[in-house]
Amino acid sequence: MGKKMSGASSLVKSLESAGVDVMFGIPGGAILPAYDPIFDSSIRHILVRHEQGAGHAATGYAQVTGRVGVCIATSGPGATNLVTPLADAAMDSVPMVAITGQVPSNAIGTDAFQEADIRGITMPFTKHNYLITDPDQIPRAIAEAFYIASSGRPGPVLVDIAKDALQKETDFNWPKELSLPGYRPQLEPVNQSILDAAALIAQSSKPVLYVGGGAIKANASKELLQLAELLGIPVVTTLMARGAFPDSHPLHYGMPGMHGTVGAVTALQKSDLLITLGARFDDRVTGKLSTFAVNAKVIHADIDPAEIGKNRFADVPVVGDLKRTIAALIPAVKAEFAKKSPDYSAWNASMNKLRATYPLGYDLPKDGSLSPQYVIERLSTLTGPEAIYVAGVGQHQMWASQFVKYENPRTWLNSGGLGTMGYAVPAAMGAKVGAPDTPVWAIDGDGCFQMTNQELVTCALNNIPIKVAIINNESLGMVRQWQTLFYEGRYSNTSLESKRIPDFVKLADAMGCIGLTCDRPEDVDSIIKKANSINDQPVVVDFRVFKDAMVWPMVAAGTSNDDIMIAREMAPDWDSQEL
Amino acid sequence: MSKHTLAVLVENSPGVLARVAGLFSRRAYNIDSLAVGPTENPEISRMTIVINVESHSLEQVIRQLDKLVNVIHIAELKQDESVQAELILVKISATAKNRFDVDAVLETYDAVIVDESSETLTIEATGDAAKISDLLNALERFGIRELAQSGLVGIERGSRSLAERTLSVQSIPTAESGQADYQN
Numbered sequence: 001m002g003k004k005m006s007g008a009s010s011l012v013k014s015l016e017s018a019g020v021d022v023m024f025g026i027p028g029g030a031i032l033p034a035y036d037p038i039f040d041s042s043i044r045h046i047l048v049r050h051e052q053g054a055g056h057a058a059t060g061y062a063q064v065t066g067r068v069g070v071c072i073a074t075s076g077p078g079a080t081n082l083v084t085p086l087a088d089a090a091m092d093s094v095p096m097v098a099i100t101g102q103v104p105s106n107a108i109g110t111d112a113f114q115e116a117d118i119r120g121i122t123m124p125f126t127k128h129n130y131l132i133t134d135p136d137q138i139p140r141a142i143a144e145a146f147y148i149a150s151s152g153r154p155g156p157v158l159v160d161i162a163k164d165a166l167q168k169e170t171d172f173n174w175p176k177e178l179s180l181p182g183y184r185p186q187l188e189p190v191n192q193s194i195l196d197a198a199a200l201i202a203q204s205s206k207p208v209l210y211v212g213g214g215a216i217k218a219n220a221s222k223e224l225l226q227l228a229e230l231l232g233i234p235v236v237t238t239l240m241a242r243g244a245f246p247d248s249h250p251l252h253y254g255m256p257g258m259h260g261t262v263g264a265v266t267a268l269q270k271s272d273l274l275i276t277l278g279a280r281f282d283d284r285v286t287g288k289l290s291t292f293a294v295n296a297k298v299i300h301a302d303i304d305p306a307e308i309g310k311n312r313f314a315d316v317p318v319v320g321d322l323k324r325t326i327a328a329l330i331p332a333v334k335a336e337f338a339k340k341s342p343d344y345s346a347w348n349a350s351m352n353k354l355r356a357t358y359p360l361g362y363d364l365p366k367d368g369s370l371s372p373q374y375v376i377e378r379l380s381t382l383t384g385p386e387a388i389y390v391a392g393v394g395q396h397q398m399w400a401s402q403f404v405k406y407e408n409p410r411t412w413l414n415s416g417g418l419g420t421m422g423y424a425v426p427a428a429m430g431a432k433v434g435a436p437d438t439p440v441w442a443i444d445g446d447g448c449f450q451m452t453n454q455e456l457v458t459c460a461l462n463n464i465p466i467k468v469a470i471i472n473n474e475s476l477g478m479v480r481q482w483q484t485l486f487y488e489g490r491y492s493n494t495s496l497e498s499k500r501i502p503d504f505v506k507l508a509d510a511m512g513c514i515g516l517t518c519d520r521p522e523d524v525d526s527i528i529k530k531a532n533s534i535n536d537q538p539v540v541v542d543f544r545v546f547k548d549a550m551v552w553p554m555v556a557a558g559t560s561n562d563d564i565m566i567a568r569e570m571a572p573d574w575d576s577q578e579l
Numbered sequence: 001m002s003k004h005t006l007a008v009l010v011e012n013s014p015g016v017l018a019r020v021a022g023l024f025s026r027r028a029y030n031i032d033s034l035a036v037g038p039t040e041n042p043e044i045s046r047m048t049i050v051i052n053v054e055s056h057s058l059e060q061v062i063r064q065l066d067k068l069v070n071v072i073h074i075a076e077l078k079q080d081e082s083v084q085a086e087l088i089l090v091k092i093s094a095t096a097k098n099r100f101d102v103d104a105v106l107e108t109y110d111a112v113i114v115d116e117s118s119e120t121l122t123i124e125a126t127g128d129a130a131k132i133s134d135l136l137n138a139l140e141r142f143g144i145r146e147l148a149q150s151g152l153v154g155i156e157r158g159s160r161s162l163a164e165r166t167l168s169v170q171s172i173p174t175a176e177s178g179q180a181d182y183q184n
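Respectively, the protein sequence lines represent chains A and B.
Each residue of the first sequence is one higher than the one before, counting from 1 in my numbering.
Each residue of the second sequence is one higher than the one before, counting from 1 in my numbering.
Hints were generated in silico from the structure; no laboratory data involved.
Some hints could be false.
[Claimed, not checked] Here are the computed lysine to aspartate or glutamate pairs in the EDC-like style, where the Cα-Cα straight-line distance is at most 16 Å:
#1 A/K547 <-> A/E474
#2 A/K353 <-> A/D171
#3 A/K288 <-> A/D563
#4 A/K310 <-> B/E54
#5 A/K310 <-> B/D128
#6 A/K366 <-> A/D548
#7 B/K67 <-> A/D304
#8 A/K222 <-> A/E474
#9 B/K91 <-> B/E59
#10 B/K3 <-> B/D115
#11 A/K4 <-> A/E188
#12 A/K310 <-> B/E59
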């Protein structure tokens, strides 16, 4: 027999037993019983200003620490406000547990006040979810939720608990064992697939390491570095994998995809073997799929068997935890190379030349106004690779991926799959809670910032001193860029006028933050230094930048990666390259 | 496109049907039929799903389905290695005049009359898709007034049973305190 207590206390005991140290949330009617024992719990509860903020904060915390992020909300609108962060976490494989209150079990299905079928709503984008109406089921559901969220391919799990289940008396019994007959993630790769992969690598002449976010989830950076140096071939890191491999490493070609470097995009296109590690052939990477890396065979290593063959046929599938997979691959490759050492020098030479010819770059605005890329580049240089950078979604996100130099995993957070505008401020808050001694910079757009900036109040009140660089081009910049390129410059509803309203400095001040502004290139360094020197309060810097700056290179949506443009109407000079 | 029959063992818990149906809908897989019912084990339900897919995406369907935590086991039932049947109840126009013709059809297809009125007969029949389709064609000339048709159910030929696979349940120890590191 366990200890007698309320369902609510059982929930909080369960969360404590699962090792939760912090959660983000807002109370409300249906979840209210849980907030009473939370008052006495060792778990730090951070009262956010919007449930969406709780969800993204849980994600930010999880992405930085590798632990499960936890958010909690009430029924109905509280729960539906978690929908976007849950979908976001599902797309980016973030371990998260969301707890929601539900109306009492006898009211379920009656359209009761603040009733929403959150289990039904979140089925498509949770790894699993629960509706608990019996208090005895609470500990098991919580234990299962944390196990499912954090094991295999990580993802969000929602536990919806009816109010009466929180109020009733129950025995608290933390399960000693879980039985999930339908859930058996395969961690250990099959040896034959490792041998096949090594053989294919030895036969290839133009291999590329195509590294995705799975490398970070699996904490496989060390093994990746060993494998890359053993092979001595180009490495590309996707938007979700920035930091998995050091930007400073000579084998690194940067990010592939729609706004990838010419070197990374072309290395994939011309390759004869894609060694795919925890990546998923997303449309933003492949461009038009039928024209993607047409001469390449594919090794596809992933923890999720359903990713293999989803978008691209895999010649050698390897299902397993990526850390173990790479660790197993290294001796297998060494054994193959002992038989016959491959010569990748011609391949490396041609790719090196291409990379050197087409580095990332940007033109400074002719009118002397502030270049957004310059701001981000300086931010990176002056803050360094030990800091954590968190972006929203749009042009600033691409520039932050391109122009911040990443050296370490878990230092770059963004909403890659769902593309959630408004991700940055709350995710940065969660990141800072997870890594309180590390500087955390949110690099946000003026559009994104206006979606979720209220969490700066939470930051100010809870001693979470994040820094926010608003890349203020007074417009929905990426949409505007598409209008420039594909809609004859007809700027329908993309002007936000955010250099006029709101006054971001006053807004920052009103929210208990330091507000700074910068619109001259010569002030950029001193203002970033000033922001970096403030560690007891959140800082918001309004960088008022040139609004016509565009993100290059670019592969237009739905076109082939072969048609990459390095600037408007300017393709690389392929004739001068020997590929 | 080709048809495939999947036998899917699922946990008998609320919402499982919605999870499976939702997966098929959101991934744009075409379901031809779906039948669900209890099994010899009260904790496990069995679904028989007939899907219409390109053969290369059958594997995708199975792998996506397998990601559902409540889905325990999936097997493809090949036509020649399984027994498959669906059930129909069909109400046709029939009078004393044509009763003799109807009986001849029913005999051919092993169908039985389960209800009758002065103008109609209700017929029950089971069989694979081809047999049922032939029977319905043969009944067409009498006039079909109403048709209720079940989804297909199927079972593998021979002594093997799918449920044997599910009995080997793995237990996962939970960490007593502190977040368990399941990944490494």
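Is A/K310 close enough to B/E59, meaning Cα to Cα at most 16 Å?
9 Å, holds
Does A/D304 sit within 16 Å of B/K67, going by the straight-line distance between their CA atoms?
9 Å, holds
Quickly compare the C-alpha distance for A/K310 and B/E54 to 16 Å and report which way the hint goes.
Cα-Cα ~13 Å, so holds.
Would the hint linking A/K4 and A/E188 be met if the CA-CA limit is 16 Å?
At roughly 41 Å apart (the allowed maximum being 16 Å), A/E188 and A/K4 break the hint.
Can you confirm whether the C-alpha distance between A/K353 and A/D171 stays at or below 16 Å?
Given that 16 Å is the threshold and the Cα spacing comes to 68 Å, the pair is violated.
Starting from A/K366, check that the Cα of A/D548 is at most 16 Å away, please.
11 Å, holds
Holds or violated: are the alpha carbons of A/K547 and A/E474 at most 16 Å from each other?
Holds. A/K547 to A/E474 sits at ~7 Å (cutoff 16 Å).
What's the verdict on B/K3 and B/D115, does the C-alpha distance respect the 16 Å limit or exceed it?
34 Å, violated
Distance restraint between A/K222 and A/E474, which requires alpha-carbon spacing of 16 Å or less
41 Å, violated
What's the verdict on A/K310 and B/D128, does the C-alpha distance respect the 16 Å limit or exceed it?
Distance of about 32 Å is beyond 16 Å: violated.
For the pair supplied as a hint, B/K91 and B/E59, is the alpha-carbon distance within the 16 Å limit?
Violated - the C-alpha atoms of B/E59 and B/K91 are around 39 Å apart, more than 16 Å.
Tell me if the straight-line CA distance from A/K288 to A/D563 falls inside 16 Å.
10 Å, holds
When the structure is compared with the earlier hints, violations turn up for hints 2, 5, 8, 9, 10, 11 and for no others.
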